[in-house]
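Student: Can you build the whole structure from these sequences, using the hints too?
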Amino acid sequence: MRAGGIAYLSWKHLSYRPLRTLTLVAAIALTIYLPLALYVFTSESTRILQERARSTPLLLGPKGSSLDLTLNALYFTSQELPSLKHLAYTKLAKERFGTTIPIHARFHAKEAPIIGTSLAYFDARTLPVAEGRMITRLGDCVIGARLARRNDLHPGDRITSSPENVFDLAGVYPLRMRITGILAANHTPDDDAVFADLKTTWVIEGLAHGHQDLANPTAADAVRKREGNSIQANASVVEFNEVTENNIASFHFHGDPEHYPLSSVILIPKDKKSRALALGAYQGPSSSGQLVIPLDAVTQLTETLFATSKMTFAAFLLLGLTAFALAALVFLLSFRLREREMQTYAKIGARTASLVMLKSTEVAIVLISGIVLALLSAAITKSFSAGLLPQLLN
Amino acid sequence: MLTVNEIVFSYPRSSFGLRIDHFACSPGSATAIVGPSGCGKTTFLNLAAGILQPQEGRIQLDGTVVSMLGASASATHRLSHIGLIFQEFELVEHLTVRENILLPRLLGLQTDPDALEKRARKLAEETGIGPYWNTRPDNLSHGERQRVAICRALSINPRIVLADEPTGNLDPTNKRMVLDLMVNFAKVANRTLVVATHDLALLEAFDEVVQFENLNQFAPDPS
Numbered sequence: 001m002r003a004g005g006i007a008y009l010s011w012k013h014l015s016y017r018p019l020r021t022l023t024l025v026a027a028i029a030l031t032i033y034l035p036l037a038l039y040v041f042t043s044e045s046t047r048i049l050q051e052r053a054r055s056t057p058l059l060l061g062p063k064g065s066s067l068d069l070t071l072n073a074l075y076f077t078s079q080e081l082p083s084l085k086h087l088a089y090t091k092l093a094k095e096r097f098g099t100t101i102p103i104h105a106r107f108h109a110k111e112a113p114i115i116g117t118s119l120a121y122f123d124a125r126t127l128p129v130a131e132g133r134m135i136t137r138l139g140d141c142v143i144g145a146r147l148a149r150r151n152d153l154h155p156g157d158r159i160t161s162s163p164e165n166v167f168d169l170a171g172v173y174p175l176r177m178r179i180t181g182i183l184a185a186n187h188t189p190d191d192d193a194v195f196a197d198l199k200t201t202w203v204i205e206g207l208a209h210g211h212q213d214l215a216n217p218t219a220a221d222a223v224r225k226r227e228g229n230s231i232q233a234n235a236s237v238v239e240f241n242e243v244t245e246n247n248i249a250s251f252h253f254h255g256d257p258e259h260y261p262l263s264s265v266i267l268i269p270k271d272k273k274s275r276a277l278a279l280g281a282y283q284g285p286s287s288s289g290q291l292v293i294p295l296d297a298v299t300q301l302t303e304t305l306f307a308t309s310k311m312t313f314a315a316f317l318l319l320g321l322t323a324f325a326l327a328a329l330v331f332l333l334s335f336r337l338r339e340r341e342m343q344t345y346a347k348i349g350a351r352t353a354s355l356v357m358l359k360s361t362e363v364a365i366v367l368i369s370g371i372v373l374a375l376l377s378a379a380i381t382k383s384f385s386a387g388l389l390p391q392l393l394n
Numbered sequence: 001m002l003t004v005n006e007i008v009f010s011y012p013r014s015s016f017g018l019r020i021d022h023f024a025c026s027p028g029s030a031t032a033i034v035g036p037s038g039c040g041k042t043t044f045l046n047l048a049a050g051i052l053q054p055q056e057g058r059i060q061l062d063g064t065v066v067s068m069l070g071a072s073a074s075a076t077h078r079l080s081h082i083g084l085i086f087q088e089f090e091l092v093e094h095l096t097v098r099e100n101i102l103l104p105r106l107l108g109l110q111t112d113p114d115a116l117e118k119r120a121r122k123l124a125e126e127t128g129i130g131p132y133w134n135t136r137p138d139n140l141s142h143g144e145r146q147r148v149a150i151c152r153a154l155s156i157n158p159r160i161v162l163a164d165e166p167t168g169n170l171d172p173t174n175k176r177m178v179l180d181l182m183v184n185f186a187k188v189a190n191r192t193l194v195v196a197t198h199d200l201a202l203l204e205a206f207d208e209v210v211q212f213e214n215l216n217q218f219a220p221d222p223s
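Line order of the protein sequences matches chains A and B.
Counted the way the working numbering counts, the first sequence spans residues 1 to 394.
Counted the way the working numbering counts, the second sequence spans residues 1 to 223.
No lab work stands behind these hints: they were computed from the structure.
Since the structure is predicted, the reported quantities are computational estimates derived from the model, not experimental observations.
Incorrect hints may have been included.
Derived lysine to any residue pairs resembling SDA-like cross-links, with alpha carbons at most 20 Å apart [as the list claims (entries may be wrong)]: (1) Lys347/A - Leu109/B; (2) Lys347/A - Thr76/B; (3) Lys347/A - Ser80/B; (4) Lys110/A - Arg178/A; (5) Lys347/A - Met68/B; (6) Lys347/A - Gly70/B; (7) Lys347/A - Thr111/B.
Pairwise CB distance ranges, derived in the manner of DEER restraints [said to hold, decoys possible]: (8) Ser26/B - Phe324/A: 38 to 46 Å; (9) Gln60/B - Ala328/A: 55 to 63 Å; (10) Asp171/B - Ile368/A: 42 to 50 Å; (11) Tyr39/A - Ser141/B: 30 to 38 Å; (12) Leu333/A - Leu200/B: 37 to 45 Å; (13) Lys187/B - Ile371/A: 54 to 62 Å; (14) Leu321/A - Ala71/B: 14 to 22 Å.
In this text, a Cβ means the ideal position worked out from N, Cα and C, and glycines have one as well.
Tutor: And the structure:
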């Protein structure tokens, strides 16, 4: 028996009916790929979610869903909970439990989230600037590697925040920010975000602004009323939509900054004792916010994810069995139709074992091709799942 | 040399039975087996090839007792030493002319591949199917297909060629050509040729004609 000859005969028959062969390979590949992709995506999602959650030990935020709070702080999903007051951050920082990092993740630019934070965020996430330099003043921002690549942005370019509502003329004001640097890629949602100082996001929120100097005679047309040191402007006053070296001095805040909004505060406790103390401090119902453990919230999410995927997996398994049964039927019918060909081989001198091998090789080629295709597709899915997850969360 | 002695064969659950007391044909000879349909010509060729095993008797080809070989040994013997030609050509539609002729090697024939290919190519040129070397059989005429089948049978340089109604589906011109090819091979290569046919017009080409009468048939005991 020549295995090479038998394999050649099998291959010749399969390639003679390419449509049938490809359909069988695709059906088998899909049957294996679907549950495999589900498993790959679920486990990869769990790994990614837990990895980021582990690097964020504690999170202070407003009361409400701990999962929403965690996803907003870690994945910059849309803010579902009310804002936290800056006062909460100041209070937590004073307790000296560890490093405190404010997060204000409400606004967007080019569909990327704008994160108002402090420089401590970049140290905590080990996120260095790969090109350009770090933010130095109001109106500066650094952007994630993927966002820069996708939009061909470089240090020195400008990026403008998107108004939240086009009809809300008095609301969130578009701010043209100066890109001072591009962050190194870390394959997390940071790669798709715009990072600015917390105060810059307050400017976008309309809590701070800069406009032409009304005391200057050139701004006389914009003055509505003067009463001693107080000057009231009319609607023609020119507000600045970009912070520059020339107008930075004109930017000022209205109201008490301690009441300004924040989405959350990351707390990296200095030791176990500080962690326990911090958790205790925010346990009571009288506390103004909640201190959550992101890993717990994410674990809860992944458990739900796994429970759902188990049901889907069972459905795929049934579908897979059906597909395999159909593939077996196709092969059986094909072999029955080729009975005469097999008889010819036998008459010429092929042994029964050779004929069994011929049929088995055909089935094996189709099965192995299907399995290889499924594994390749699963590997591709795995490489894409890291980028797909934040999009799905949004 | 093919020798058949006192063979008895019957199909399971069938009223047909075949008994042959003696049959022999020597190398270099062309023998025709004639007789009405259903008289056992095809059964006899299958017995001679070792595809069927007789219940009694002995079939011997050049010292090998074909009737005593097991299924696997019989297949190997057939692959190496017996050239079979069928009425319906029995070409494999998804293989080219070249691959059809070299089919015995693909099925396990142990031989020098280069020598086999060279011989197959020579046969194809001689029979006029050389230009179709890489063509599939469905693009060939009946006559061309039967010539491919003959090349397949002869490519292994068999000790014996067994042909079952090889001209049954051919026009008169092709009939003569195909027959001449087989008879010529037997003469030149000093091999045995046995052809089952009902075409009496072709009998003059054979050295010997054996009439299979109803006498060779018997009704087996149902028990």
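Student: Within a Cα-Cα threshold of 20 Å, do Lys347/A and Thr111/B meet the stated pairing?
Tutor: 19 Å, holds
Student: Given the hint of 42 to 50 Å, check if Asp171/B and Ile368/A actually sit that far apart at their C-beta atoms.
Tutor: 47 Å, holds
Student: Taking 54 to 62 Å as the hint, is the beta-carbon distance of Lys187/B and Ile371/A inside that range?
Tutor: At 56 Å between Cβs, range holds.
Student: The hint says 38 to 46 Å between Ser26/B and Phe324/A; measuring C-beta to C-beta, is that right?
Tutor: Violated, at about 57 Å.
Student: Straight-line Cα separation of Lys110/A and Arg178/A no greater than 20 Å?
Tutor: 14 Å, holds
Student: Indicate whether the distance between the beta carbons of Leu333/A and Leu200/B respects the range 37 to 45 Å.
Tutor: Taking Cβ atoms as reference, Leu333/A and Leu200/B lie about 43 Å apart, which means the hint holds.
Student: Is the straight-line distance between the alpha-carbon of Lys347/A and that of Leu109/B 20 Å or less?
Tutor: Judged against 20 Å, a Cα distance of about 14 Å means the pair holds.
Student: For the hint 55 to 63 Å, verify it against the beta carbon of Gln60/B and that of Ala328/A.
Tutor: 45 Å, violated
Student: Within 20 Å, alpha carbon to alpha carbon, are Lys347/A and Ser80/B?
Tutor: At roughly 12 Å apart (the allowed maximum being 20 Å), Ser80/B and Lys347/A satisfy the hint.
Student: Holds or violated: Lys347/A and Gly70/B, Cα atoms, limit 20 Å.
Tutor: Holds. Lys347/A to Gly70/B sits at ~14 Å (cutoff 20 Å).
Student: Would you check the hint for Lys347/A and Met68/B, treating anything up to 20 Å between C-alpha atoms as holding?
Tutor: Roughly 17 Å separates the two Cα atoms, so the pair holds.
Student: Measure nothing beyond the straight line between the CA atoms of Lys347/A and Thr76/B; if it is 20 Å or shorter, mark the hint as holding.
Tutor: 11 Å, holds
Violated hints, in rising order: 8, 9, 11 and 14; the structure is consistent with all others.
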